[in-house]
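J.: We have chain A; now place chain B with the ligand onto it with these hints.
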Amino acid sequence: MLLTARTRYPSEKVNKKGMPYEKYAAYRNLIPIELGQRGEGIAPTAVSLLWRDRKEIMALVGSKCKKCGTPQYPAQRVCVACGSQDMEPYSFADKTGKVFSYTEDHLAASMSPPAIYGIIEFDGGGRFWFDVADCEAGELRVEMPVKMAFRRKYADAERGIYGYFWKAIPEVT
Amino acid sequence: MIRDKVAIIGMGCTKFGERWDCGYEDLAVEAYNEALKDAGIEKEDIQAAWLGTCFDEGMTGKSALPLSTTLKLPFIPVTRVENFCATGSEALRGATYAVASGACDVALALGVEKLKDTGYGGLPEFGTLLGTKNRLVYPNITAPGAFAMMATRYFDRYNLDPEDGRKTLARVSAKSHHNGSLNSKAHLRREVTIEDVLKAPIIAWPLGLYDCCGVSDGAAAAIVVRAEDAKKYRDDPVYIKALQVAASPGEELLYKWDGTHVETTARAAERAYKEAGIENPREEIDLMEVHDCFSITELVTYEDLRISKRGAASEDAKAGFFDLDGEIPCQSDGGLKCFGHPIGASGLRMIYEIYRQLQGKADKRQIEDPRVGLTHNLGGFPPLSVAAVCMFGIDRG
Ligand SMILES: [Zn+2]
Numbered sequence: 001m002l003l004t005a006r007t008r009y010p011s012e013k014v015n016k017k018g019m020p021y022e023k024y025a026a027y028r029n030l031i032p033i034e035l036g037q038r039g040e041g042i043a044p045t046a047v048s049l050l051w052r053d054r055k056e057i058m059a060l061v062g063s064k065c066k067k068c069g070t071p072q073y074p075a076q077r078v079c080v081a082c083g084s085q086d087m088e089p090y091s092f093a094d095k096t097g098k099v100f101s102y103t104e105d106h107l108a109a110s111m112s113p114p115a116i117y118g119i120i121e122f123d124g125g126g127r128f129w130f131d132v133a134d135c136e137a138g139e140l141r142v143e144m145p146v147k148m149a150f151r152r153k154y155a156d157a158e159r160g161i162y163g164y165f166w167k168a169i170p171e172v173t
Numbered sequence: 001m002i003r004d005k006v007a008i009i010g011m012g013c014t015k016f017g018e019r020w021d022c023g024y025e026d027l028a029v030e031a032y033n034e035a036l037k038d039a040g041i042e043k044e045d046i047q048a049a050w051l052g053t054c055f056d057e058g059m060t061g062k063s064a065l066p067l068s069t070t071l072k073l074p075f076i077p078v079t080r081v082e083n084f085c086a087t088g089s090e091a092l093r094g095a096t097y098a099v100a101s102g103a104c105d106v107a108l109a110l111g112v113e114k115l116k117d118t119g120y121g122g123l124p125e126f127g128t129l130l131g132t133k134n135r136l137v138y139p140n141i142t143a144p145g146a147f148a149m150m151a152t153r154y155f156d157r158y159n160l161d162p163e164d165g166r167k168t169l170a171r172v173s174a175k176s177h178h179n180g181s182l183n184s185k186a187h188l189r190r191e192v193t194i195e196d197v198l199k200a201p202i203i204a205w206p207l208g209l210y211d212c213c214g215v216s217d218g219a220a221a222a223i224v225v226r227a228e229d230a231k232k233y234r235d236d237p238v239y240i241k242a243l244q245v246a247a248s249p250g251e252e253l254l255y256k257w258d259g260t261h262v263e264t265t266a267r268a269a270e271r272a273y274k275e276a277g278i279e280n281p282r283e284e285i286d287l288m289e290v291h292d293c294f295s296i297t298e299l300v301t302y303e304d305l306r307i308s309k310r311g312a313a314s315e316d317a318k319a320g321f322f323d324l325d326g327e328i329p330c331q332s333d334g335g336l337k338c339f340g341h342p343i344g345a346s347g348l349r350m351i352y353e354i355y356r357q358l359q360g361k362a363d364k365r366q367i368e369d370p371r372v373g374l375t376h377n378l379g380g381f382p383p384l385s386v387a388a389v390c391m392f393g394i395d396r397g
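In the order they appear, the protein sequences are chains A and B. If you're matching positions, the first sequence starts at 1 in our numbering and goes up one per residue. If you're matching positions, the second sequence starts at 1 in our numbering and goes up one per residue.
Next comes chain B alone, as it looks inside the complex:
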């Protein structure tokens, strides 16, 4: 159990967006500088680092080198991790376990991704990412297509005609766009109405343009120490309550799955709740940042996290349960919906919002006195995925 053993004492997050004038290195340095300043430490204090990145190799390849050479880290141990969209959370997990074990006292986790240089919309082609055999047997599946298949099935199972289903999903996106409009670090900062969402071109039926998060450039970073040392650095450290990852064994796609939920999220969440000592998530969680790569993902995640009952997520969404002034604000920073999704950075970007909210530093988006926050990442396709569920609190238990 990692609960209350480690605390975050500093974080940084770049503005996300089409950062045409910035490369991988600029983004990494921007997040790193803010985190260091926030923690009040120097480079020499960092004893180990974890880099999370999936696509850009920073001219040096799949290793620690893109980070160590960019920041000129002085021969300390640096590890690169990669776990699809859970990559940023995975970097924090490495750093957290390292300080918890006593192997080092201060560790850095940094997630960064430069995606816009591909020159086209959506994530880079999966072809090479998935291995040589993929092209011989897989359809040419894109991320929106993979998640759209969950929406088709969800609509069918709960007897939503496509119009009703799409309206429910539109409500989810419009809510996040409102939150993003209040956040200077978000990529997309305009209010979008339910009408706008419904009128937008279809990307992968039944998902339209505004049902999909964008692709952007960005980086985020965290500095962790053991919980007992945290107050030496700041008065308001944020304590890690749970870090859980679940990877598909493959049964969902090939054998046993209802097509309307994500099993890895449900499994990771149950373990995270146990680790954090949460019995009734709907009552005990104050805010969440979930992996809204697509509106349907956010909708089923409400159910997978046991916030909404199966099939009842649309009722909760329509009732405003997840709005900024609702019972459990979800995507208070605008989410992937407004930040876009630089794969390696997203997990840490979500944690950054929770961290700032718990410290009461979230500006116009500030929620009243939050104590416990949750982040959720989902990488891969719904039936073949890696999920991370992390929990944070401002009080040390």
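Extracted from the complex, chain A is given alone in its bound form:
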């Protein structure tokens, strides 16, 4: 059974294939899942850190070097390209990008294995690794175009904290 109705980042087209029901049910806590010992422990969320780096984490703001113009995520104190310390904020949330490389990881603790993640190269510069969402094993390819979307990253049910971050959404054809 496939569910096709999904809440998406407003500008995106809905992935026509929809989502496998098992995955949907796991994320909705409708079926018990076994994360394995590797996924058991969740360290407390450092709220002070989350507040300090709120732009970086919540808004995907990195830095751009004022001297050489290189965009970089996460924000750097010292430019990775020229060594300058003169940096300004730079938003990656609205940038498109491409899959530089990727994997489907069966070892990583995941709500819906395999965990799919990859290194994303942003158009205009900047590169980092992100979870890849809205795609299934076997669909990703190097150089596939992506957009970024704000999604849930972890659930700490014990402490009632739900962490959000940005994930790459590939244009799977």
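No lab work stands behind these hints: they were computed from the structure. Nothing here was measured: the structure is a model prediction, and the numbers come from that model. Among the hints, a few may not be true.
To be verified - Derived SDA-like pairs (lysine to any residue); straight-line CA-CA distance at most 20 Å:
1. K133/B with G160/A
2. K256/B with M87/A
3. K133/B with Q76/A
4. K309/B with I278/B
5. K153/A with I278/B
Claimed, not checked - These stretches of chain B come out as covered by chain A in the derived footprint (C-beta under 8 Å, 3 or more residues):
6. 152-163
7. 265-275
We put the beta carbon where it would ideally sit given N, CA and C, even for glycine.
T.: What follows is chain B with the ligand alone, placed relative to chain A:
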């Protein structure tokens, strides 16, 4: 330049594996006893020690104490070092620089790791290891996943379809399993065919079970003195020719990297070759132990060390260049592939194999008259890593 200033006069290495009946202390003592006996010295002769360990804290925490209390070292200076998978090599670097400087005459480097108590496969969860911020922004990256991303990119760049690419990688693993089958200290001692490798379950695409090294318990140790004193202890000391470490400045992941090599390895290797006086590594090196945490790592390392040309490592691997009877045998002891990877011990375990080979004491795996050997460690993820490249020789230059 450290070349020919310091020599190894004794080494020890435990059997690696699932040592359920042994704790951290048992492993450390086992390696230490063999090293002491091999060097023909007493505990009182050791004037300083370096401990390399990453995970198990031996009930005493991140300090020298796990080693000094286990061995009951008599109030000598002991330092704990930690540098991901380069930890064991880092311990030897500390001990070597200490005797070279004249600060002491005899020093011990010991790497030990007890990993199997986690109760699950693979390395312990990185979450806490990488700091508090990691979980907020990093994907849940595992070691196989991080290296698998290099394989995906490598296949794409060199137009290898996944089947061809995986076959090349399988050749690398099968070769090491053969060598490991000849080594009583290795954890995995069975021959594995290319077919077996290809049929195994996928761990992180495109890497399957046999593309990944295991996780095991183990320890290894070395005793060093200044080169001019070495012959007082034994006739066949092994001279340190180069010890180089390179750490990522962060540019590879964030800015500039082709995704198909490891820059830290290349940088450390160039400095090591200069230090050891090597001009053409493909001609001048007799054997190597490289960091085969994953088959793809070993493949790109051939290129990063300038043994194979860029993109040509698979040709060399297929031609048997790195086999036990090839031009430059690689992983003659079975490598991480067969030993598993107790982080703090691996660097010294590799050096142990080079040491024994150079002395002509490598049993069924003995290579004909080797003079120069190389070890390589890689810690962290390919674009965010620490690499150590060390070189050793049986002749004092
Ligand atoms: Zn700059």
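J.: Does each hint hold? Answer for all of them.
T.: Against the structure, the hints come out as follows:
1. Between K133/B and G160/A the CA atoms are separated by roughly 19 Å; this keeps the pair inside 20 Å, and the hint holds.
2. For a cut-off of 20 Å, the pair hint linking K256/B to M87/A stands: about 18 Å separates their Cα positions.
3. Using a Cα cut-off of 20 Å, the hinted pair K133/B and Q76/A holds, with the two alpha carbons roughly 14 Å apart.
4. Taken as a hint, the K309/B and I278/B pair is honoured in the structure, with Cα atoms around 17 Å apart against an allowance of 20 Å.
5. Between K153/A and I278/B the CA atoms are separated by roughly 49 Å; this puts the pair beyond 20 Å, and the hint is violated.
6. Figure legend: the stretch 152-163 of chain B, annotated as covered by chain A; annotation consistent (3 residues with Cβ-Cβ distances under 8 Å, at least 3 required).
7. As drawn, the stretch 265-275 of chain B meets chain A at 0 residues by the rule of a beta-carbon pair under 8 Å; below three, the given contact is violated.
Hints 5 and 7 from the list above are not met by this structure, while the remaining hints are.
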